[in-house]
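There are 2 protein chains.
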Amino acid sequence: MATSESELTAEVIASFGNTTDPRLKEIMQSLVKHLHAFAREIRITDEEWLFAMDFLTRTGQMCSDVRQEFILLSDTLGLSSLVDLINHSKGDDRATEPTILGPFHVANSRLLNYGDSIVTRSLTEGEPAIVRGRVVDVDGNPISGAMIDVWQTDANGLYDIQESNDVSGNLRGLFKADADGKYEFRTIRPVPYPIPADGPVGKMLRSVSRHEWRAAHIHAIVEAQGYRQVTTHIFDKESKYLDSDTVFGVKESLIKEFVKQPDGNLLLEYDFVLVKG
Amino acid sequence: MATSESELTAEVIASFGNTTDPRLKEIMQSLVKHLHAFAREIRITDEEWLFAMDFLTRTGQMCSDVRQEFILLSDTLGLSSLVDLINHSKGDDRATEPTILGPFHVANSRLLNYGDSIVTRSLTEGEPAIVRGRVVDVDGNPISGAMIDVWQTDANGLYDIQESNDVSGNLRGLFKADADGKYEFRTIRPVPYPIPADGPVGKMLRSVSRHEWRAAHIHAIVEAQGYRQVTTHIFDKESKYLDSDTVFGVKESLIKEFVKQPDGNLLLEYDFVLVKG
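These protein sequence lines map, in sequence, to chains A and B. All the letters of the first sequence, read from the start, carry residue numbers 597 to 873 under this note's numbering. All the letters of the second sequence, read from the start, carry residue numbers 597 to 873 under this note's numbering.
There's no promise every hint is true.
The list cannot tell twin chains apart, which means a pair is met if one copy fits it or any two copies do.
To be verified - Capping the alpha-carbon separation at 25 Å, the derived lysine to aspartate or glutamate pairs in DMTMM-like fashion look like this:
no.: 1; residue 1: K833; residue 2: E693
no.: 2; residue 1: K852; residue 2: E780
no.: 3; residue 1: K799; residue 2: D617
no.: 4; residue 1: K621; residue 2: E643
no.: 5; residue 1: K629; residue 2: E607
no.: 6; residue 1: K629; residue 2: E603
no.: 7; residue 1: K799; residue 2: E622
Source of the hints: derived by calculation from the structure; they are not laboratory data.
Looking at chain A on its own, in the form it has when it is part of the complex (with noise of 0.2 Å):
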């Protein structure tokens, strides 16, 4: 029966110690602690209190098969690339950086060729493009057989899931590299695009001055055996919003150049390079 704030902090936080589960009941009081330590310092008011509830509420009920509201709200929060951070640490300097996985990824895309185009639509604009590399270990050596998943959106800033009519595996596909490590395909030069904004998260952006946009990108999950897997983003060096990125998942070493080419096209050349494990 606490009298005062620390007293009724520490009465919540020993309210969990019969916890069986050691992982719950750390992660449960840590959360009590960080959490009332919050209220705290702000000197939470009743109005403002009501209206975390209903902004929770409001997040919970935006959510549905096709739209997860709290990991855009973690996204915002940049809580989702500090889990990035936590748990997937490069592991060695010359690796390549990951970064977030984000909401459209899609598994057992279409296996595809060599230098095929990820882009299945007729419709599709935007500038045509070819991304190539190689895969190799932290040493340069060649990893055959590495498996490449690359997604991104169309020009229009929508990927193939966000789109009323049925375009699914545009703009997606899924390469082995080659017995020297290579890989090849073509597509169409990223474009920003805006974060779902008709919801409490966008709300919550306008009402801070942020804006919805993430910086132009291509996801790639690349995995070999014997190799840890890295799931990351190749992002163009002429995008708006790489010092800006609204769910920050730019890295310095993941900004590339997208060159034009004597016949046009363009080429932005990218080497993943995996750490054994």
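Assemble chain B onto chain A, guided by the hints.
Then chain B, alone, in the frame of chain A:
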């Protein structure tokens, strides 16, 4: 473009730097600081993060017109009681201590007369009791005309608004203190009751070996012109769970005794003490 956890936290905090409303800016920056500190302290895993996203989503989707699962979560994490302590410290040691409002208050209860019963349902079981006392200032002077709004569960542990039958108004009432500040009403002895435990919060409580019970109490909001309103409970001294009320609402000074009278009835005497302001 952060390369370390602390750099990332700093970058996210800075992203709220253009917030026009200084209070909102303070809240969001403090939120990010404490949220990141929590994730870093427990070294949250990918799976735990995903579980948290799903837990919050399920909590939001449990909410409806008659159920507020996020407030239950706030209650069971001691946040609601903390918000109460931060905002409603009584200001004078002689005054009645406040405690949480809870989700079962109804505006505009019926105005009853001195001595009336708040029980409206003939089927109600439970031990008949009289509650009476005075509303006074911190020097013991009567506050004539003070309004006392009371509500409690029936003997089945349910508030009227939780019942499937229409029993609205049962075990609720509004009383006006007389010229001597006196009030009196008839009721039944309150019983301990479980918070709604068929959702994510109930599951959480079970997973950490906590029970879902509140100690027996009568709610009251007391107000009078020229005095600070107090929202409080009167707890039954004989109740179970006084030491482990699952929403952390019990305060020593609010525990009172139902005394058996020569006629067999129970009598609880309690004076509400208000602070000027």
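Evaluation of the provided hints:
For a Cα distance limit of 25 Å, the shortest separation of K833 from E693 inside one copy, 16 Å, qualifies, whereas the shortest one across copies, 61 Å, does not. For a Cα distance limit of 25 Å, the shortest separation of K852 from E780 inside one copy, 16 Å, qualifies, whereas the shortest one across copies, 78 Å, does not. Taking the shortest Cα distances, K799 and D617 sit within 25 Å of each other only across copies (14 Å), while inside one copy they are farther apart (38 Å). Taking the shortest alpha-carbon separations for K621 and E643, only the inter-copy value of 16 Å comes in at or below 25 Å, while the best intra-copy value is 31 Å.
Taking the shortest alpha-carbon separations for K629 and E607, both the intra-copy value of 11 Å and the inter-copy value of 24 Å come in at or below 25 Å. Within a single copy, K629 and E603 get their C-alpha atoms as close as 12 Å, and across copies as close as 23 Å, so both meet the 25 Å cut-off. In this homomeric assembly, K799 and E622 come within 25 Å of each other (Cα to Cα) only across copies, at 18 Å, whereas the closest approach inside a single copy is 34 Å.
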